[in-house]
Structures are given as C-alpha cells and as structure tokens.
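**Student:** As a plain string of letters, each chain reads:
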Amino acid sequence: MKQRTLMGFQGKLLLSSKIKLSISLLSAVLIPVFFRSTSLYQAEYTIDRFIAVPVIVVFAEIFALEQTNHIVETIYITKMRKNALYLARFLIATGLMMGAAVLGLLEAVLLDPNMIRGEGGSIGALLPALYAWFSTIFFFGAFAMTMTALTGKYAVGAAVPILFYVVLYFVDYFLTNRITSLFIYRSQPIWPWSKLFYLGIGFVLFALCILKAGDFLRCERA
Amino acid sequence: MTLLCRMIAFHFRDTLKRPLLWLGVIVVFAVTVLQFPDYLFTDFPYLTEAEYNREIEARLERSGKKNMAGELGVPVSEEEAYENAVRAYCAYVALNFPLDGEKATETILSSRLSYDDEDWSALNAYILSELPPEKREYVIPLNAETMVNFGGSYTYGTYREYRDYVDGLLKEENYTDFMGRRLADIGGTILMMYSFVVFIPLFSAEAGNDLFEVLRTKKIRPSVMIVGRYLGFSGAVIFYGLLSTAAVDALTVYHCVTLGLPFSVLDLFRYYFAWVVPSILTVGAVIGLFTMVFKTALPVIPLLLFWTLAGSRPIRNGKGQIIMRQQFWNVTVRISNFRDIFFTVLPESFYTDVMIHKAFQLCLILICLAAAVVLYDKKIRTGES
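Protein chains in written order, with numbering that gives the first Met the number 0: chain A, 0 to 221; chain B, 0 to 384.
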C-alpha cells in the first residue's frame, strides 16, 4: 500500500509538469515520422539512435521537479525515504520512455506495413530492440538524473548529457565497432557487449543517485 | 518605433558581448568547412582522367573513402533509371524467393511493365504471379516507399561523360551558385543547432530570474518588448551566421580563382539570406514562445532537433529517380538528397516549393510572436512569473 501511495504521489508530481513531459514524450513517439524507415531493423535502429535526446530531457525534467515547482521544502519534510522517491521517479520515467519507443515502432509499422514482411518481422525478433532501447534509456536516464541531482539545475542536467550524446555520436562515426560505440545495433557483432557496457555505467550512476538521494535533497534545501 | 529600434540595438549589442557565443562561431565555421573539404581544397571539379578512374575504382570497391563520393556520377535518363530499378528489384526477389531473376527481368523490360504507371502495380502483379501462393504474402512490393532501396538517379559514367556534364553545368551557373545551395542546406542545419544554443539561454534568462515583477514597472508595451528582444537576439544569430558564411565564401572564391572557375562573391550570401535567415527567425520565434509558456524551451529541444534533421529521405518517381522537392514543414531548405553539389540543379517546381516553405515560416513566426505577446501581457498584468 505504501509503495502504491508513493508511486501515486510521484505520479501527481509528474502530472504537474504534464505539458512539458507530453511534448518531450511526443517527440520520442514521433521519431519514425521525422525519420522514415524502409525496414523494421532500420526503424528499431533509428529509434535507438534518436531516443536519447527526449530521454535526457524527460529525466532532467523529472528530477528537477523540486526546482521547477519550488517544492524542495515539501519534499524534504515528507516522511518517505528519499531514495524510494528517486527510485519511483526513475521507474516511472523509464517506463514512459520504453512505452514511447514501443509506440514509435508501432507507428513506423503503421506508416509502412510492408516492413513486417521483411526480416525481423516476428515478436521474437523484437527482443534485441527492447534490450538496445532499455540500455540507451537506462544509461542516458541515469546520466541526466545524476547531473540534475548533483547540480540541482534542470538546464545543466539536460545540457551536459546532450553534449555528451553529440560527442559520442561523432566519435562513433569515426571509431565504430568498439565497446564504447553506443550507436551500433545488430550491424556489428560487438553491439550486445557495448550496450551492456553502457548499461553497467548507467547502473553505477543509478546506484549512486539512489543511495545519495537524501543528500542531494538536503543540499537543495540548504 | 524609436523605442523598438533601441530595444533591438540593446539586445543585439548585449548578445554580441558574450564571449562563449563567439567561440560557437568558430565551431560552426569549422564543422561547416569539414563538410566541404573536397569542394574547397582539392582540384575538384577539374580532375584528370587518371584521378577520375582511381576515384571511381575506390568508390566501387567501397573502400570507405568518402571524398569525391557522389560527384563523380552523371545523371541517368528515365529509361536507364527504369531499367536499373527493375534489375535491382528482380535480383532482390530472386535472392529471397524461388524466382528466375534473369527471365523476370527480361520479361518486364521487354514488355515495359509499369513504365507508365507510378505505383508499379503491373510489375508487382507479374512478380506475384510467378511465385508460389504460400510465398506471396512475404514479398515486399515495389512502391514509392521501397523504391529508395532499388532506384537510382545517377551512375558512374565515363570520364568524357562526366566532363561534359560538369562543363555544361558550369556554363549555366557559377560554381559559387552550387556551393551556395549546398551551404544553405548543410551550413543551415548546423547553424540551426547553434541557434538553439544561443536562443534558449537568452530567452529564458528573464523568466529564470523571475524578472516579471521588475518588468511590470516599466512603461513598455508588451509587443515592443517581445518583438524587440526577438529581433535583437535573432539579429545577433544572423550576424554570427553571416561571419561563418563570409569565411566559407572567401575560401570558395579563392578556390574558384585558383582553378579558373566562374564565380560571384555574392552568391553564397544570396542563398544565406533567402534560405537560411528565415529559418533562424522561425526557430527564434518558436523558442521565444515556448520560453514564455514554460520559462525554458528545453522541453521542445528534441522536437526542434528532429524537425531540423528530418526530411532528408528522397522522394522518387515511378522510374526510381529522385524528385527534388522541398517539404513545406521542414525547418531548413533541404537539398541533401544527393551528396554532390553538381546534383543540386533544381527544377522550377523546387523554387515554388521554397516559396511555399517560406510563406509557411512567415505565418509560423507571426503566430508565435502574437501568442508570445498575449502571454507576456497576461504575465505582466498578473505579476505572475
């Protein structure tokens, strides 16, 4: 019951920023409209490549709720574990973005139904895509969450990961097929390991934030 | 009017005083020039036959060599485009399904199936009729969407064909004309990214500092305040873009003088003002409006980014040839359907598309500014931050 109340409270907080969130989520869902694909594989890869940007903005927004709504005091005095609060937000944001990615793929199929006739048209073939998306969302989400929590600033929390994304994109362009290559998907044999590498880094950042959530909020209050 | 001019001048000067933004100009220039190394620092387009053949070979072997990628091709006729598309599609079907590809190709080409129908219905019907019923539902038909994988608008011609094609083009237009169009596309896209970085902190500075209470005491009309800031900031971004364009223009003119190519100093600026500046003004207006709503335009960055990068997928006609079209909803004018500057010979309809595109941008600017003024007025009246 307590967990449900906690999730409900976080949900209400998120609704207070609903328009901003809706726009960022909408941009994730609309990726296939902006970047048309001719195959399912291409659609999955396009979503994986571009979803990082809305992910960063959504996570930064969600972890900057205290600042944007001026509710640091309210959050601080609530009798709930601060790390549970962060965990709830993280789960909600990850769920939202995974949902947006899946919706995006459905939309791509609706735009061009021919693509499910080609290679990878079965449900089983979607598992690699779910793994790739989860890795990207988890890493960039944790990164944006960490930056926002550390600096207490929405703009910095979004700008630094976006800058990192741009740098990574260009580095990948020249140094592809490495363990550090994030923007590869199925075309290179190393892709599951590179995704795992970023998932690992994401997990470290995520654990750091969850463990230090109380400290971050205390700093904000001070 | 005087107050508006003073406001514009104030914000323009204020923006130019930020050293980080000057650093951005260098980045924009560097990234732009990196897109055109072959067009500025090699003997292009005056290659010798040996160089031409070497480049073609390197390209065909897919050696990963990026320079001189598309510019070595020559456009194909409708007949050739049709034949290439049919051969590529039949080869694809034969590879994946039990079909005699050679026989199917010959049959289609000899009876010119679907030569005149844009939707390739006759050709698709023939291919399906040649396959076992249980396999038919898995075949990807040839259509406007899938044509991108099979159709082609240019081929690697002989050295003589290439020279005739390039020489013919340079008699019609300056080399700087071709460069100007390419710069407006790629340079314009890079400049859009830069304008996000400039506009977002500038517009949100006031909202972030909760200055509405202070502004309420000033006797300045909301329209003057909004339009003044908007034009001041936009003017600064346009100025930064102008510097970058001038630098590329200088390099292009030097290249032309060195190789004896026809040029005009003003060509690049012409395309910059006609094609890129309206896009900067559009992005500024959209960011300005969203800042007024959210205090920061960060939530719309993904949308703006995708909006800017989108639209690069070429549209193809029934023969598989790329149709040069400008989508009215794109942020910038996109001609990047080809990598080559010599394939930016645009049909008349493209310029009509650009006019529609610019009219759309003007409407968007006016709507965004009007909405921003109304919102600002409301905030000032209520003292809401």
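By construction, these hints were calculated from the structure, which means they are not laboratory data. Owing to the predicted nature of the structure, the values given are computational and were not obtained by experimental measurement. We put the CB at the ideal spot given by N, CA and C, even for glycine. Treat the hints with care, as some may be off.
As the list claims (entries may be wrong) - Straight-line Cα separation of at most 30 Å, BS3-like style, residue types lysine-lysine; simulated pairs:
| no. | chain 1 | residue 1 | chain 2 | residue 2 |
| --- | --- | --- | --- | --- |
| 1 | A | Lys152 | B | Lys134 |
| 2 | A | Lys17 | B | Lys16 |
| 3 | B | Lys134 | A | Lys17 |
| 4 | A | Lys211 | A | Lys152 |
| 5 | B | Lys294 | A | Lys211 |
| 6 | B | Lys377 | B | Lys294 |
| 7 | A | Lys152 | B | Lys377 |
| 8 | B | Lys294 | B | Lys357 |
Unchecked claim - Computed Cβ-Cβ distance ranges for the label pairs, DEER-style:
| no. | chain 1 | residue 1 | chain 2 | residue 2 | range |
| --- | --- | --- | --- | --- | --- |
| 9 | A | Pro112 | B | Glu101 | 28 to 34 Å |
| 10 | A | Ala124 | B | Ala273 | 21 to 27 Å |
| 11 | A | Ile200 | B | Ala124 | 49 to 55 Å |
**Student:** Hint by hint, note whether the structure agrees.
**Tutor:** Outcome of the hint check:
Proximity of A:Lys152 to B:Lys134 is assessed by CA-CA distance (about 57 Å); at most 30 Å being required, the pair is judged violated. Using a Cα cut-off of 30 Å, the hinted pair A:Lys17 and B:Lys16 is violated, with the two alpha carbons roughly 36 Å apart. Restraint check for B:Lys134 and A:Lys17: the C-alpha separation of about 48 Å exceeds 30 Å, so the hint is violated. Restraint check: the Cα-Cα separation between A:Lys211 and A:Lys152 comes to about 17 Å, which is no more than 30 Å; the hinted pair holds.
Pair hint B:Lys294 plus A:Lys211 holds up; C-alpha atoms about 29 Å apart against a cutoff of 30 Å. Between B:Lys377 and B:Lys294 the CA atoms are separated by roughly 14 Å; this keeps the pair inside 30 Å, and the hint holds. Of the pairs offered as hints, the one joining A:Lys152 and B:Lys377 holds, with about 27 Å between alpha carbons and a cut-off of 30 Å not exceeded. The hinted pair formed by B:Lys294 and B:Lys357 meets the criterion: a straight-line CA distance of about 28 Å does not exceed 30 Å.
At roughly 30 Å, the beta-carbon separation of A:Pro112 and B:Glu101 lies within the given 28 to 34 Å, and the hint holds. For A:Ala124 and B:Ala273, the Cβ-Cβ distance of about 47 Å falls outside the hinted range of 21 to 27 Å, so the restraint is violated. For the hinted restraint 49 to 55 Å between A:Ile200 and B:Ala124, the CB-CB distance of approximately 53 Å keeps it satisfied.
Checked against the numbered hints above, the structure violates hints 1, 2, 3, 10; every other hint is satisfied.
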